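Asker: Sequence:
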Amino acid sequence: MKGPLFYSKILLFGEYGIIKDSKGLSIPYNFYNGALKVSEEPTAKAKESNEHLRRFANYLNTLQKEHPELVQFDIASLEADIEKGMYFDSSIPQGYGVGSSGALVAAIYDKYATDKITVLENLTRDKLLKLKKIFGKMESFFHGESSGLDPLNSYLSIPILINSKDNIEPAGIPSQTENGTGAVFLLDSGSTGETAPMISIFMENMKQEPFRKMLKNQFVKHTDACVDDFLKGDVKSLFKNVKSLSHVVLDNFKPMIPAKFHNLWKNGIETNDYYLKLCGSGGGGYILGFTEDIEKARKSLKDYNLEVVYNF
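With the UniProt record's numbering applied, the sequence shown corresponds to residues 1 to 312, in that order.
No lab work stands behind these hints, which were simulated from the structure alone. Quantities reported herein were computed from a predicted structural model and do not represent experimental measurements. Ideal Cβ placement from N, Cα and C applies to all residues, glycine included. Errors might be hidden in some of the hints.
[What the hints assert, rightly or not] Mimicking PhoX-like on lysine-lysine, the simulated pairs with C-alpha atoms at most 20 Å apart in a straight line are:
| id | residue 1 | residue 2 |
| --- | --- | --- |
| 1 | Lys243 | Lys165 |
| 2 | Lys266 | Lys254 |
| 3 | Lys47 | Lys84 |
| 4 | Lys236 | Lys221 |
| 5 | Lys84 | Lys116 |
| 6 | Lys20 | Lys216 |
| 7 | Lys302 | Lys266 |
| 8 | Lys137 | Lys116 |
| 9 | Lys133 | Lys20 |
| 10 | Lys207 | Lys243 |
| 11 | Lys232 | Lys20 |
| 12 | Lys240 | Lys296 |
| 13 | Lys47 | Lys65 |
| 14 | Lys236 | Lys216 |
[What the hints assert, rightly or not] Pair by pair, the computed Cβ-Cβ distance ranges are:
| id | residue 1 | residue 2 | range |
| --- | --- | --- | --- |
| 15 | Ser157 | Asn263 | 45 to 53 Å |
| 16 | Ala44 | Glu295 | 15 to 23 Å |
| 17 | Phe211 | Ser237 | 24 to 32 Å |
| 18 | Asp234 | Met214 | 23 to 31 Å |
| 19 | Pro170 | Ala259 | 34 to 42 Å |
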C-alpha cells in the first residue's frame, strides 16, 4: 500500500497576524512531501510513526463522537491499517514551519473521512471554511490550537488567500519569472522550533496594550500590503513593505528569532541585500527571505544554505 502524496506548505505572509485577522497567503511547496505507507520491513522511524498514528486514531475517534455533525471517519479501517504497520513516510522536516503535521492530517482525512469534501467539487467558501474547521480540530492533536490552514493547503495543493478568519479563497498567484533575479528563499536556521511555546509567548505579549497597538498599526498593516502587492505583482511596492515588515518583526518578535540571526536580520535591512521574516511560528526551523537580487543575497549569506521557492 502507498497513498497519494501530500505536499508541504509555506505561509508567505500572515504568521501571527492571522490569529488577529490580518490577511495571509499560503502556497504549496512541492519540494517536500509525505504519503501513508505499509512496509514489509519497517524501520525504527516507521515504527515510531505507526505508534504516533495509533494515538492519533484514538484522538480522532473521540473527535467524531464529540462533533458528530462535523466529521466522521472509518475508524475500523484506520485501526486495521495501523495494525498492519501503516506509517506516514515523509520528507517534510518537523519543527521547520513548512507543515509536517498538516500533510499527515490531509492524508488521513483523504483516506479515512466518510462523506468527505473532495478537491474535485466546486469549492464554495462554506466548504473551504468547513474543511478548515475539520482540519483545525484534527491538527490540534499535534500542537494545541490550530487554524487548520496547513492541512487545507496540503489537501487542496493550491495557493490560499486568507482575507480574515471567516473569509478564505483559492488564490491565483502571478506565475514565476524564468531567470528572474528576485526571489523568495528559505534559509535553514539549523535548529527546530516548537510551535506551542512561541504561540504562548505571543499570547502573553497580546495582554500588553502597546504590543496590541503595534500589531494592528504596523504588523497587520504591512502584512496586508505585502499580500496585496504580491497578488498584483507589484514587486517594487512589495519590497518596500517587506522591508518594513522585517523591521517590525526584528523590533517586536525577538524571542521568535533565533539569537544568532539577530545581526543577520539587521544586516539585511541595512544593506538591502535581502529581507528576512518568520516562516511559521519561528523559534528555529526555516527563516523566509526576500531579495531583489538572489546572487547578492547568496554572497551576503554565503555561510548558509538557501533554497529558492519563488522567482520574480
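Asker: For every hint, state whether the structure bears it out.
Answerer: Checked hints:
no., hint, result
1, Lys243 with Lys165, "violated (26 Å)"
2, Lys266 with Lys254, "holds (12 Å)"
3, Lys47 with Lys84, "holds (11 Å)"
4, Lys236 with Lys221, "holds (17 Å)"
5, Lys84 with Lys116, "violated (24 Å)"
6, Lys20 with Lys216, "holds (8 Å)"
7, Lys302 with Lys266, "holds (16 Å)"
8, Lys137 with Lys116, "holds (15 Å)"
9, Lys133 with Lys20, "holds (17 Å)"
10, Lys207 with Lys243, "violated (27 Å)"
11, Lys232 with Lys20, "violated (24 Å)"
12, Lys240 with Lys296, "holds (18 Å)"
13, Lys47 with Lys65, "violated (28 Å)"
14, Lys236 with Lys216, "violated (24 Å)"
15, Ser157 with Asn263: 45 to 53 Å, "violated (37 Å)"
16, Ala44 with Glu295: 15 to 23 Å, "violated (42 Å)"
17, Phe211 with Ser237: 24 to 32 Å, "holds (27 Å)"
18, Asp234 with Met214: 23 to 31 Å, "holds (25 Å)"
19, Pro170 with Ala259: 34 to 42 Å, "holds (38 Å)"
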